[in-house]
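K.L.:
Sequence:
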Amino acid sequence: MKIILTGASGFLGSHIARYFKEEAVVKLGRTKGDILACLDQDVPELPVADIVIHAAGKAHMVPRTIDEERDFYAINVQGTQNLLTALSNNIQLPYAFVFISTIAVYGQDTGKLISEEHPLEATDPYGKSKIAAEKVVQEWCNTNDVRCVILRLPLIAGSNPPGNLNAMIKGIKRGYYLNMAGGKARKSMVLASSVPEAILPAIQAGGIYNLTDGDHPSFEELSALIARQLGKSKPMSLSGPIANLIAIFGDMIGKRSPFNRKNYKKMINDLTFDDSKARVKFGWNPDKVTEHFKI
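Those letters in the sequence shown? Residues 1 to 295, per full-length UniProt numbering, in order.
Hints may be right or wrong, so weigh each one.
Unchecked claim - Each pair of labels, with its calculated beta carbon distance range:
1) S239 / T85: 51 to 59 angstroms
2) K232 / T143: 49 to 57 angstroms
3) G283 / R70: 35 to 43 angstroms
4) T143 / Q41: 23 to 31 angstroms
5) Y95 / N166: 18 to 26 angstroms
6) D109 / G175: 21 to 29 angstroms
What the hints assert, rightly or not - With a cut-off of at most 27 angstroms between alpha-carbon atoms, the simulated DSSO-like pairs for lysine-lysine come out as follows:
7) K266 / K294
8) K58 / K266
9) K288 / K234
10) K232 / K184
11) K288 / K184
12) K173 / K184
If you are wondering where the hints come from, they were derived from the structure by calculation, not from laboratory data.
Glycine included, each C-beta is placed from N, C-alpha and C at the ideal position.
Whole structure, please, built from the sequences with the hints as guidance.
P.N.:
Structure below.
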């Protein structure tokens with residue numbers, strides 16, 4: 001079985017590459033790999049493959065300029081289109097195309113057990129670009145009779161993670177991280193090492209799936225786990241009224257403040273996603289983050 005994997009040097013992509021190390025994996029990337037290509041600018045020449053796993057993309061930042069907003073479209077949408085064009089140029093199409101997407105497409109800051117049937121309501125550049133990329137992938141797969149799989153992922157945990165989880169680890173390590181209102185809010189997560197295990201079963205089933213660990217750890221549970229691994233005390237919690245006042249002050253300061261009411265709302269409200277479709281369709285039963293996450 002030959003696999004084309006984009007984003008192989010990234011956080012999740014490296015886990016996927018390791019999982020399929022016994023297969024013939026052609027790695028496509030910007031900096032290193034079997035094929036060097038900037039997908040947002042290039043239509044590369046690709047070998048024929050059985051499966052394509054598109055894990056490359058832009059995330060983990062809040063755009064500060066119009067150009068940075070455009071980067072999300074260029075990399076996540078145009079990059080996907082260029083990859084599909086490259087595949088169309090081959091004499092043989094892949095059997096399956098797996099697109100690594102995100103729960104950000106739902107555009108929700110709060111909610112419990114949101115399913116794949118929820119409307120795609122993202123308004124931020126990242127979420128909107130992923131919605132557009134999903135549409136491009138679905139249309140191409142339908143037109144070309146290629147099995148389509150879209151995996152919508154929440155916060156991904158693993159050693160040396162990027163994004164918000166990395167910021168949380170640094171905050172706990174340096175002693176300035178605080179939970180809000182007891183840290184009781186729960187968030188969906190999934191281990192990076194679990195995601196590759198879903199790929200082949202999902203291909204057999206086809207379709208769109210949320211993937212979570214099914215446990216949805218709270219801020220309190222996650223921060224305590226990280227603190228133990230760092231040899232630090234369990235983070236303290238800031239009461240709701242005080243945290244809200246600080247958040248209001250952060251709004252007054254503007255972009256210079258790392259904490260505002262939007263961040264506060266996210267830290268005190270549940271945001272979880274339903275992965276029962278994957279569990280029923282192909283037996284998804286991953287490890288729990290709180291039992292297996294190593295920073």
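K.L.:
A separate judgement is required for each hint: does it hold in the structure or not?
P.N.:
Taking the hints in turn, this is what the structure says about them:
1. In this structure the supplied range 51 to 59 angstroms holds for S239 paired with T85, their Cβ-Cβ distance being about 54 angstroms.
2. Remark: the range hint 49 to 57 angstroms for K232 to T143 is upheld by a beta-carbon distance near 53 angstroms.
3. The given range of 35 to 43 angstroms is respected by G283 and R70, whose C-beta atoms sit roughly 41 angstroms from each other.
4. Range check, T143 to Q41: Cβ separation about 24 angstroms, and the 23 to 31 angstroms hint holds.
5. A C-beta distance of roughly 36 angstroms is found between Y95 and N166, which places it outside the suggested range of 18 to 26 angstroms.
6. For D109 and G175, the hinted distance range of 21 to 29 angstroms is satisfied, since their beta carbons lie about 28 angstroms from each other.
7. Restraint check for K266 and K294: satisfied, since their Cα atoms lie roughly 24 angstroms apart, inside the 27 angstroms limit.
8. Taking the CA atoms of K58 and K266, the gap is near 22 angstroms; set against the 27 angstroms cutoff, the hint holds.
9. With a C-alpha separation of about 20 angstroms, the suggested pair K288 and K234 falls inside the 27 angstroms cut-off, and the hint holds.
10. Simply put, K232 and K184 have alpha-carbon atoms about 20 angstroms apart, close enough for the 27 angstroms limit, and the pair holds.
11. Distance hint between K288 and K184 is fulfilled; the C-alpha atoms sit about 18 angstroms from each other, no more than 27 angstroms.
12. For a cut-off of 27 angstroms, the pair hint linking K173 to K184 stands: about 21 angstroms separates their Cα positions.
When held up to the earlier numbered hints, the structure conflicts with hint 5 and nothing else.
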